[in-house]
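Visitor: Sequence:
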Amino acid sequence: MADRTIDSLLRAIADGQTNALSELYERTDKAVYAFALSILKNAQDAEDVMHDCYVNIFRSASCYHSDGKPMAWILTITRNLCMNLLRTRKRTVELTEAAWLRAEPTGEDRLILSMCMQELSDTERQIVVLHAIAGFKHREIAQFLSMTLSGVLSKYHRAIQKMKRSVQ
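Using the working numbering, the letters of the sequence shown map in sequence onto residues 1 to 168.
Just so you know, these hints were derived from the structure itself, not from any lab.
Owing to the predicted nature of the structure, the values given are computational and were not obtained by experimental measurement.
Accuracy of the hints is not assured; some may be wrong.
[Said to hold, decoys possible] With a cut-off of at most 25 Å between alpha-carbon atoms, the simulated DSS-like pairs for lysine-lysine come out as follows:
#, residue 1, residue 2
1, K69, K30
2, K137, K162
3, K137, K69
4, K41, K162
5, K137, K164
6, K41, K137
7, K30, K41
8, K69, K164
9, K137, K30
Starting from the given sequences, assemble the full structure and let the hints guide the process.
Guide: Spelled out as structure tokens, the structure:
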């Protein structure tokens with residue numbers, strides 16, 4: 001995802017161009033859905049949060065100030081909506097493999113996601129999803145999850161080792 005393109009789409013949304021919201025959705029929906037799913041572990045809740053996220057983006061695009069990291073802003077909205085939902089419901093549901101496949105992984109990604117569901121902690125799962133599926137850099141993930149870079153790298157490598165052991 002090109003940060004400049006997303007920045008310009010957010011500015012266009014702030015200017016009232018509704019077609020820009022559609023394009024933003026097409027460029028970011030998989031990352032938003034995968035991130036919400038990694039937190040909520042429920043496909044319907046993740047879809048609801050994704051919908052609410054784009055409604056919030058539409059309403060508050062005029063408040064967005066570009067710092068070159070528009071996905072951080074979008075995923076912060078997503079995370080806050082997820083946390084609000086979890087606080088409200090005070091529950092989580094086991095994530096099914098079918099729900100993960102909604103994020104449209106293919107080939108090796110399906111195997112990795114299947115292993116994540118079985119072997120990884122919630123935080124490890126979020127880090128792997130954000131890196132392997134959504135394509136974010138570890139520094140960005142550290143920002144999204146309010147962790148140190150070394151903490152993200154450590155958990156990522158530990159998660160990869162867990163997955164390797166379970167495949168062997």
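Visitor: Looking back at the numbered hints, which does the structure fail to meet, lowest number first?
Guide: Hint check: 8 fails alone, others pass.
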